[in-house]
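Novice: One-letter residues, chain by chain:
Number of protein chains: 2
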Amino acid sequence: MTVTFDISVSLDGYIAGPDQGAEHPLGRGGEQLHEWVVRLASWRESHGLEGGETDTPSDAIMREAATGAGAVIMGRNMFSPTRGPWEGDWRGWWGDEPPFHVPVYVLTHHAREPLEMAGGTTFHFVTDGPEAALEAARSAAGEQRVSIGGGAQTVQQYLRLGAVDEFQLHVVPVFLGGGERLFVDMPELAIERVRVVDTPQVTHMKYRVVR
Amino acid sequence: MTVTFDISVSLDGYIAGPDQGAEHPLGRGGEQLHEWVVRLASWRESHGLEGGETDTPSDAIMREAATGAGAVIMGRNMFSPTRGPWEGDWRGWWGDEPPFHVPVYVLTHHAREPLEMAGGTTFHFVTDGPEAALEAARSAAGEQRVSIGGGAQTVQQYLRLGAVDEFQLHVVPVFLGGGERLFVDMPELAIERVRVVDTPQVTHMKYRVVR
Numbered sequence: 238m239t240v241t242f243d244i245s246v247s248l249d250g251y252i253a254g255p256d257q258g259a260e261h262p263l264g265r266g267g268e269q270l271h272e273w274v275v276r277l278a279s280w281r282e283s284h285g286l287e288g289g290e291t292d293t294p295s296d297a298i299m300r301e302a303a304t305g306a307g308a309v310i311m312g313r314n315m316f317s318p319t320r321g322p323w324e325g326d327w328r329g330w331w332g333d334e335p336p337f338h339v340p341v342y343v344l345t346h347h348a349r350e351p352l353e354m355a356g357g358t359t360f361h362f363v364t365d366g367p368e369a370a371l372e373a374a375r376s377a378a379g380e381q382r383v384s385i386g387g388g389a390q391t392v393q394q395y396l397r398l399g400a401v402d403e404f405q406l407h408v409v410p411v412f413l414g415g416g417e418r419l420f421v422d423m424p425e426l427a428i429e430r431v432r433v434v435d436t437p438q439v440t441h442m443k444y445r446v447v448r
Numbered sequence: 238m239t240v241t242f243d244i245s246v247s248l249d250g251y252i253a254g255p256d257q258g259a260e261h262p263l264g265r266g267g268e269q270l271h272e273w274v275v276r277l278a279s280w281r282e283s284h285g286l287e288g289g290e291t292d293t294p295s296d297a298i299m300r301e302a303a304t305g306a307g308a309v310i311m312g313r314n315m316f317s318p319t320r321g322p323w324e325g326d327w328r329g330w331w332g333d334e335p336p337f338h339v340p341v342y343v344l345t346h347h348a349r350e351p352l353e354m355a356g357g358t359t360f361h362f363v364t365d366g367p368e369a370a371l372e373a374a375r376s377a378a379g380e381q382r383v384s385i386g387g388g389a390q391t392v393q394q395y396l397r398l399g400a401v402d403e404f405q406l407h408v409v410p411v412f413l414g415g416g417e418r419l420f421v422d423m424p425e426l427a428i429e430r431v432r433v434v435d436t437p438q439v440t441h442m443k444y445r446v447v448r
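Same order as they appear, the protein sequences are chains U and Y. Residue numbers for the first sequence, in this note's numbering: 238 to 448. Residue numbers for the second sequence, in this note's numbering: 238 to 448.
Bear in mind the hints are in silico, worked out from the structure with no lab data behind them. Note that beta-carbon positions come from the ideal geometry of N, C-alpha and C, so glycine has one too. Careful, some of the hints might be misleading.
Derived list of chain Y stretches under chain U, where covered just means 3 residues or more per stretch with a C-beta under 8 Å from a C-beta of chain U [what the hints assert, rightly or not]:
(1) 244–250
(2) 419–429
(3) 433–445
Here are the simulated distance ranges between beta carbons [to be verified]:
(4) U:326 <-> Y:429: 51 to 59 Å
(5) U:320 <-> Y:285: 17 to 25 Å
(6) U:291 <-> Y:346: 40 to 48 Å
With the Cβ distance kept under 10 Å, some of the chain U side facing chain Y (calculated, not the full set) [what the hints assert, rightly or not]:
(7) 285
(8) 408
(9) 414
(10) 425
(11) 434
(12) 437
(13) 444
Using the sequences and the hints, build the whole thing.
Specialist: Written as structure tokens, this is what we have:
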């Protein structure tokens, strides 16, 4: 029943580079934040692909992060490059079979019917705020975790609500110089380090919120 | 002849809390960033004190950071809580015998005579910019390192000038929620991780700038 998030961040604190949009879903330079993960066997497996690296501690860490969540919450901006009322038939960045395989609650100001995708992912569009989305996600997740997928504003909302139990930063040694900052106007939260695992490509830093 | 900096930073990216000034030299909550260091034998030794912890890897890391610098550069705001033309006889936050024991170049817009302190520290006030300060510091340091002491704006200036060779962040698991952000408008610098050493109180993350 815990609420967690896992997110890649540059050393200067961004989870996406400047000029995010349809042309640059991760902003300029943002793809550098994900180079470490797309090579991993665990990441490829969760995306229906074979092969990949297993000889790094990052593989087990990613496997742990990618499994055990019974529901996911994400912001509208993570789901779609468009803003405002829904037009067309945008179904997310992830193709016909998204890698979530559980119900995904998308925070939006604009109502839309649920989107059932292949492989167990259904996108639900929640218009009555982050607390309502959390309640629905908890209910869907049962005994499993609720994972906050992102982006930064969504992570910040749940940290401010005091709803996050554990989180992991995947710190990539690069300066993006601008973009979407992960931590803005944080509350005064007491946290303690759970574990830090270091590799040349990325440092995995896991924390627990102290209550 | 390398140029380095070593700085404690909160998980949300601040090197000092909100409302920095004479009453709160480190900003509200900022003292939490330094609790790990003031307990160490190496820190106490560099401040002329006895005792302290030696049974943590942080002690050797701090000893390394505190030695081998032949000159230090710091911003006016790190030296003094006042702004504008010099008034009175402010001699820094560090008492009669500051812990630097080498020439310290203070970046300021306002000329002032050098201040010779006990223990080998002399504060030089440099009014012709960061490059001039770096040249003077390099010359004074000889074969030894030049250490950028802080604060954030000074660190940013030297990163933007491409003058920094190596740096170490001491990441403390706390959210300050505001204050002086370390990395703002960074250049697109390629960096690589040198070493990460983890303890429950602080994670030491060392990087090298790739040229």
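Novice: Can we keep the residue 437 (chain U) interface hint, with Cβ of chain Y closer than 10 Å?
Specialist: Holds, because the Cβ-Cβ distance from residue 437 (chain U) to chain Y comes to roughly 6 Å (cut-off 10 Å).
Novice: Return the status of the interface hint for residue 444 (chain U): holds when the least beta-carbon distance to chain Y is below 10 Å, violated otherwise.
Specialist: holds, 6 Å
Novice: Answer holds if the nearest beta-carbon of chain Y is closer than 10 Å to that of residue 408 (chain U); otherwise answer violated.
Specialist: holds, 8 Å
Novice: Examine the region 244–250 of chain Y for residues whose CB is less than 8 Å from any CB of chain U, and state whether their number is three or more.
Specialist: The restraint on the region 244–250 of chain Y holds, since 3 of its residues have a Cβ under 8 Å from chain U and three suffice.
Novice: Verify the coverage statement for the region 419–429 of chain Y against chain U, using a C-beta to C-beta distance below 8 Å and requiring 3 or more qualifying residues.
Specialist: Holds: 9 residues of the region 419–429 of chain Y have a Cβ under 8 Å from chain U.
Novice: Does the beta carbon distance between residue 291 (chain U) and residue 346 (chain Y) stay inside 40 to 48 Å, or does it fall outside?
Specialist: violated, 57 Å
Novice: Can you let me know if the beta-carbon spacing of residue 320 (chain U) and residue 285 (chain Y) is within 17 to 25 Å?
Specialist: This hint is violated: roughly 59 Å between Cβ atoms.
Novice: Is 51 to 59 Å right for how far apart the beta carbons of residue 326 (chain U) and residue 429 (chain Y) are?
Specialist: violated, 43 Å
Novice: Report holds or violated for the interface hint on residue 425 (chain U), using the least CB-CB distance to chain Y and a cut-off of 10 Å.
Specialist: At about 5 Å, which falls below the 10 Å cut-off, the nearest Cβ of chain Y leaves the hint on residue 425 (chain U) intact, so it holds.
Novice: Under a C-beta cut-off of less than 8 Å, do 3 or more residues of the region 433–445 of chain Y approach chain U closely enough to confirm the stated coverage?
Specialist: holds (count 6)
Novice: Have a go at the residue 285 (chain U) hint: is there a Cβ in chain Y nearer than 10 Å to its own Cβ?
Specialist: It is violated, given that the least Cβ distance between residue 285 (chain U) and chain Y is near 31 Å, above 10 Å.
Novice: Per the CB criterion, is residue 414 (chain U) less than 10 Å away from chain Y?
Specialist: holds, 5 Å
When held up to the earlier numbered hints, the structure conflicts with 4, 5, 6, 7 and fits the remainder.
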